[in-house]
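**Q** What follows is the residue order along each chain.
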Amino acid sequence: MAYLDHAATTPMLPEAVQAMTAQLALTGNASSLHAAGRRARRTVEESRESLAAALGARPSEVVFTSGGTEADNLAVKGLFWARRDADPARTRVLASPVEHHAVLDAVHWLGEHEGATVEYLPVDAYGRVHADALREAIARNPDDVALVTVMWANNEIGTIMPVHELAGVAAEFGIPVHADAVQAFGQLELDFAASGLAAMTVSGHKVGGPYGIGALLLGRQYTPVPVQHGGGQERHVRSGTLDVPAVAAFAVAGTLAAERREAHAREVGALRDELVEAVLAAVPDAVLGGDPDPAGRLPANAHFSFPGCEGDSLLLLLDARGIECSTGSACTAGVAQPSHVVLATGTDPDLARGTLRFSFGHTSSRADVRAVADAIGPVVERARSAGLS
Amino acid sequence: MTDSLGFPGAPDPTAPRKGLRVLAAMSGGVDSAVAAARAAEAGHDVTGVHLALSANPQSFRTGARGCCTIEDSRDARRAADVIGIPFYVWDLAERFREDVVDDFIAEYEAGRTPNPCLRCNEKIKFAALLDKALALGFDAVCTGHYATVVLKDDGSRELHRASDMAKDQSYVLGVLDEKQLAHAMFPLGDTLTTKEEIRAEAERRGLAVAKKPDSHDICFIADGDTQGFLAKHLGTAEGDIVDESGAKVGTHEGAYGFTIGQRKGLRIGHPAPDGKPRYVLDISPVNNTVTVGPVEALDVIALTAIKPRWCGVAPAGPGTYTAQLRAHGGETEVTAEPVDGPELRVSFAEPVRGVAPGQAIVLYDGTRVVGSATIATTVRAARATQDA
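Sequences listed follow chains A and B, in order.
The working numbering applies: residue 290 is where the first sequence begins, and numbers increase by one.
The working numbering applies: residue 2 is where the second sequence begins, and numbers increase by one.
Please keep in mind that the hints were generated in silico from the structure rather than gathered at the bench.
Nothing here was measured: the structure is a model prediction, and the numbers come from that model.
Virtual Cβ for every residue (Gly too), placed ideally from N, Cα, C.
There could be a bad hint or two in this list.
As the list claims (entries may be wrong) - Per the computed footprint, the stretches of chain A lying under chain B, defined by three or more beta-carbons under 8 Å from a beta-carbon of chain B, are:
| # | region |
| --- | --- |
| 1 | 604–614 |
| 2 | 663–674 |
Stated by the list, open to error - Here are the simulated distance ranges between beta carbons:
| # | chain 1 | residue 1 | chain 2 | residue 2 | range |
| --- | --- | --- | --- | --- | --- |
| 3 | A | 635 | B | 330 | 54 to 64 Å |
| 4 | A | 656 | B | 55 | 34 to 44 Å |
| 5 | B | 207 | A | 656 | 30 to 40 Å |
| 6 | A | 524 | B | 132 | 39 to 49 Å |
| 7 | B | 20 | A | 654 | 26 to 36 Å |
| 8 | A | 530 | B | 207 | 54 to 64 Å |
| 9 | A | 518 | B | 234 | 23 to 33 Å |
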């Protein structure tokens with residue numbers, strides 16, 4: 290079996306499993322005052338400190354959530370409400386059109402239900418937002434912008450955004466910027482303090498931690514209106530009893546991901562380069578998605594469009610040969626649609642139907658690359674004969 | 002046996018049907034789930050597929066992602082996971098709308114009574130789906146229909162009624178030709194069990210759909226209101242209901258809303274002179290008129306059918322068969338002869354009632370399906386009326 294879908298989820302690190310199982314055997318609500326509560330709280334706060342260290346943030350800037358989706362919702366909706374409450378003129382939301390659905394659907398919802406004007410920033414053929422485009426959009430009326438949200442790196446095509454530059458532009462106008470860094474964590478250097486961001490989303494299960502845990506890195510001066518109300522945990526912006534075992538395991542995985550980042554990026558980057566070469570050799574008309582410059586894309590990401598193929602057909606044929614990858618856009622309801630990311634890069638809609646994303650992780654090996662290299666030619670030929678339905 | 006691409010090649014037609022690559026169409030219901038499970042248990046390499054056939058967005062999405070019946074798709078996926086087979090959802094909504102739904106509406110508009118399930122088998126399941134399956138290297142498409150495929154010594158295949166006549170669905174498969182049959186697999190066909198036993202089998206296999214209610218309705222009319230569906234697409238147009246003499250006895254809101262032989266829902270104010278119930282005898286979309294009359298006037302002695310499809314070689318001359326004229330209908334003795342056109346001329350040994358143009362006539366030789374055609378015109382016993 291060749292697992293090449295680490296961007297969907299990656300196996301838990303043994304160290305994280307160990308931390309989690311140790312905590313599962315213990316009792317304690319981190320909000321309780323007695324000894325069991327104090328024990329749990331100590332674990333949570335130590336975890337918060339290590340994650341903060343791994344991400345260049347202060348411990349108080351780490352707000353634990355149930356995952357990336359919740360962190361994105363809290364940042365986008367919460368900051369929008371807070372900024373609009375402070376000044377009713379602020380109703381404009383600037384977002385990249387290549388965001389993950391957790392951001393895209395949240396800003397869309399603000400437009401449908403909260404009177405927001407959602408403006409999608411232009412992207413180039415690699416799906417990248419440029420600083421001058423952001424400046425132009427803000428400058429049209431700096432007073433009505435509630436927030437800017439642009440992901441650190443794209444989950445489908447791997448394109449890295451110029452986050453520092455974008456945050457710098459917004460800062461000139463005093464506008465907060467949120468970045469979904471779920472895919473970037475563990476592959477790129479993330480320094481929250483240096484980034485100039487107001488908020489940044491990270492997730493546990495993408496870095497070898499457990500599912501169901503994530504965090505919003507949130508600058509101390511920001512108080513988003515909560516999405517979830519209750520007991521006032523996590524700076525009163527995210528209520529709910531903390532999942533201590535998940536928090537502990539996330540901290541272990543996140544710390545290791547940051548520590549091992551450079552070596553990891555080098556290793557998966559080399560595998561990725563080999564895979565790209567092999568796929569383009571076997572299928573000369575395949576189109577590499579995203580930035581062809583390795584410095585401009587996530588080292589673990591390779592994305593292709595195969596002319597005349599249905600992505601689903603490719604997936605089915607590869608799955609039958611033990612190769613697990615993705616078309617790039619998972620749909621829980623099941624019906625595959627051309628990816629909004631690929632379409633936003635100006636790709637022809639028919640070509641956009643035949644996409645595959647291969648993503649590497651800490652368990653990847655050259656055997657995985659060889660499996661794809663052997664299979665991709667005949668699989669594409671076969672999928673092509675089935676055509677586009 | 003592999004082909005040049007390293008995939009399993011075309012099966013030897015005389016080889017035992019084992020170890021094939023099978024695509025199981027899974028609706029989310031109990032029958033297709035058990036069929037897929039049986040195919041997997043028989044040693045085939047089975048992949049499940051749910052067909053998304055309508056594009057109703059049911060959840061809030063920024064993209065134009067739509068999906069039909071998310072619940073059915075989830076049930077099918079759940080069953081596939083329990084059986085332990087890969088599962089995909091294929092979007093055939095566009096093909097389905099063109100080939101089945103639009104045709105359904107157009108047929109009603111023309112005063113005929115279509116059978117969309119038959120049409121779906123002909124155009125979607127054993128055409129669009131089968132073609133794609135074969136192109137992807139599958140050997141067969143498997144469904145939960147109750148019918149039997151018999152492999153002859155010479156490698157040819159015959160379609161027969163299911164072992165259990167009460168559940169037989171060969172009627173809606175009567176449109177399949179031999180090439181389609183060669184790639185069809187109906188694992189429930191030899192089931193001599195009640196529906197309860199199929200449910201028990203599903204239960205035993207751990208399939209959660211075991212308790213799911215049967216679906217009888219037309220799948221693209223979720224609320225079962227065919228009249229409402231047609232009214233939405235065709236609008237309403239008030240017209241006359243007349244008796245056989247042409248005298249007006251009531252009004253209707255669209256001639257398309259009626260079926261030959263229909264008795265209920267006519268809403269005729271005053272009773273017939275003889276006090277007997279009246280039935281729809283004719284539908285005339287041209288002048289938007291529905292003719293009603295006594296039950297005897299429904300007796301049909303002959304019909305002409307178009308677009309014949311033969312399962313095997315077309316008969317050269319007239320022959321005696323048993324015929325089925327609608328889903329769940331009984332059998333009747335006929336003489337049928339293919340004529341140029343191509344058409345099929347059929348005469349009945351005994352008059353039959355409730356024959357609606359648009360429905361299929363399926364001819365049988367014993368339990369074997371010989372062929373099918375779409376009923377175009379009928380000849381009444383009482384008066385040689387030609388239905389449009």
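**Q** Out of the numbered hints, which ones does the structure contradict?
**A** 6, 8 and 9
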